[in-house]
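Q: Given next are the chains, with one letter for each unit.
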Amino acid sequence: MAQAEVFETDFWKDANLRKVWDEIVPGEPRKTLPYVLTKEAIQLYCRSVGENHPLYFDEAYAKASPYGGLIAPPSIHILLMFSCTPTDDWMRTPGTVNAGQSWSYNIPARPGDTITLQARALDKFIKRERLFVVHDNVFFNQRGDVICSGRGQTIRPM
Amino acid sequence: MTTSFDKLSTGDTIDGPSFAVSRESIRLFCDGSLDYNPLHLDDNYMKNSFGKTNFGGIIMHGMNNFGLITRMLTDWAYPAGAIHRRLETRWVKPVKPGDTIQPVGIIKAKQTTEKSRWVLIDVLVKNQNEEKVAVGEAMVEFPLTA
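Residue numbers (this note's numbering), protein chains in the order written: chain H, 11 to 168; chain Z, 173 to 318.
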């Protein structure tokens with residue numbers, strides 16, 4: 011599996027390899043990595059936002075529910091955005107400010123899923139002296155089912 | 173009481189969970205989301221100005237708002253057999269350690285389509301001073317079987 015063994019938490023490392031606003035080409039795919047989503051990763055994310063629903067934690071409850079087993083909360087794409095991209099991805103550039111997002115949800119991600127991402131910058135523009143990039147993203151599971159799709163805007167550091 | 177599509181009215185509200193923001197909660201969100209942007213970690217870095225903005229210290233991830241709104245919506249939808257289908261947000265004001273934030277949802281409209289039923293919800297997140305820190309809108313599906 012082409013997955014980083016240890017996630018690099020120092021976002022300054024490789025910062026010089028990342029594209030700046032001038033170099034980002036709208037329409038060009040971003041490099042992405044498949045990622046095996048674990049129960050532990052789901053539950054750590056859940057704890058960080060206070061999620062405690064038994065669909066995410068209680069196997070017996072989840073199995074008896076319409077979902078038939080443990081799932082991840084819809085907002086798990088927050089984690090997937092970083093776990094499915096390499097260290098030189100421009101989303102990691104220090105000072106990148108999130109200016110808003112919209113996401114559509116199809117089916118839940120589940121523990122054990124191998125998640126893939128198709129992503130690109132879609133547009134870039136300048137507004138009130140700030141440099142914006144619009145990014146769009148679709149996450150899939152190992153069967154090719156769409157989990158969720160979304161679009162966001164970031165303000166690029168200058 | 174369980175929510176049902178038929179009983180919902182425009183203006184009904186959904187109360188979300190209160191969330192105390194601290195340096196520790198922001199650090200835990202770094203670990204949970206793998207977003208280690210120094211905006212959320214490094215006080216020295218945050219002494220810098222960003223264009224015309226100086227935050228004066230680390231700030232909470234905007235997506236922490238998004239995760240909290242999602243928690244409100246799914247906790248409301250699951251018992252009704254409803255499905256959270258869409259969330260759009262934008263951030264209005266930075267959130268800092270020491271703040272307490274709470275999302276709320278307000279039913280804006282109901283829509284029946286050829287094959288399903290949908291509820292549109294205005295969402296906002298307020299801090300302890302009743303200031304809006306995030307706004308957005310959501311869409312929850314109530315399948316005909318729900």
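Honestly, the hints are just simulated from the structure, not real lab data.
Incorrect hints may appear among the rest.
Residues of chain H clear of chain Z, computed beta-carbon distances all greater than 12 Å [unchecked claim]:
{"no.": "1", "residue": "Asp20"}
{"no.": "2", "residue": "Leu27"}
{"no.": "3", "residue": "Pro39"}
{"no.": "4", "residue": "Arg40"}
{"no.": "5", "residue": "Pro104"}
{"no.": "6", "residue": "Asp155"}
{"no.": "7", "residue": "Met168"}
Selected chain Z positions facing chain H (Cβ under 10 Å, derived; list incomplete) [what the hints assert, rightly or not]:
{"no.": "8", "residue": "Ser194"}
{"no.": "9", "residue": "Ser197"}
{"no.": "10", "residue": "Cys202"}
{"no.": "11", "residue": "Tyr217"}
{"no.": "12", "residue": "Trp263"}
If you're wondering where the values come from, they're calculated on a predicted model, not measured in any experiment.
Backbone N, C-alpha and C fix where the C-beta goes; we use that ideal spot for every residue, glycine too.
Q: Since aspartate 155 of chain H was said not to touch the interface, does its Cβ keep a gap of more than 12 Å from each Cβ of chain Z?
A: holds (15 Å)
Q: If I take the minimum Cβ distance from leucine 27 of chain H to any residue of chain Z, is it greater than 12 Å?
A: Holds, because the least Cβ-Cβ distance between leucine 27 of chain H and chain Z comes to about 16 Å, which exceeds 12 Å.
Q: Holds or violated: is the Cβ of proline 39 of chain H farther than 12 Å from all Cβ atoms of chain Z?
A: Non-interface label stands for proline 39 of chain H: nearest chain Z Cβ at 21 Å, farther than 12 Å.
Q: If we take the beta carbon of arginine 40 of chain H, is the closest beta carbon in chain Z still more than 12 Å away?
A: Correct as stated: the minimum Cβ-Cβ distance to chain Z is 16 Å, above 12 Å.
Q: Per the CB criterion, is serine 194 of chain Z less than 10 Å away from chain H?
A: Check failed: Cβ of serine 194 of chain Z comes no nearer than 12 Å to chain H, outside 10 Å.
Q: Over 12 Å from every CB of chain Z: does proline 104 of chain H meet that, or does the non-interface label fail?
A: violated (5 Å)
Q: In terms of Cβ atoms, is chain Z entirely out of 12 Å range of methionine 168 of chain H?
A: About 7 Å separates methionine 168 of chain H from the closest Cβ of chain Z, which leaves it inside 12 Å; violated.
Q: Does the interface hint hold: is tryptophan 263 of chain Z within less than 10 Å of chain H, judged Cβ to Cβ?
A: Because about 7 Å separates tryptophan 263 of chain Z from the closest Cβ in chain H, which is inside the 10 Å limit, the hint holds.
Q: Taking the least C-beta to C-beta distance, is cysteine 202 of chain Z closer than 10 Å to chain H?
A: The hint holds - cysteine 202 of chain Z has a Cβ within 10 Å of chain H, the shortest such distance being about 8 Å.
Q: In terms of Cβ atoms, is chain Z entirely out of 12 Å range of aspartate 20 of chain H?
A: Answer for aspartate 20 of chain H: violated, closest chain Z Cβ roughly 7 Å.
Q: Does tyrosine 217 of chain Z hold up as a contact with chain H if the rule is Cβ-Cβ below 10 Å?
A: Nearest chain H Cβ about 7 Å off; hint holds.
Q: Does the nearest C-beta of chain H fall within a distance shorter than 10 Å of the C-beta of serine 197 of chain Z?
A: With Cβ-Cβ at 7 Å, under 10 Å, it holds.
Comparing the model with each earlier hint shows violations of hints 1, 5, 7 and 8; every other hint is respected.
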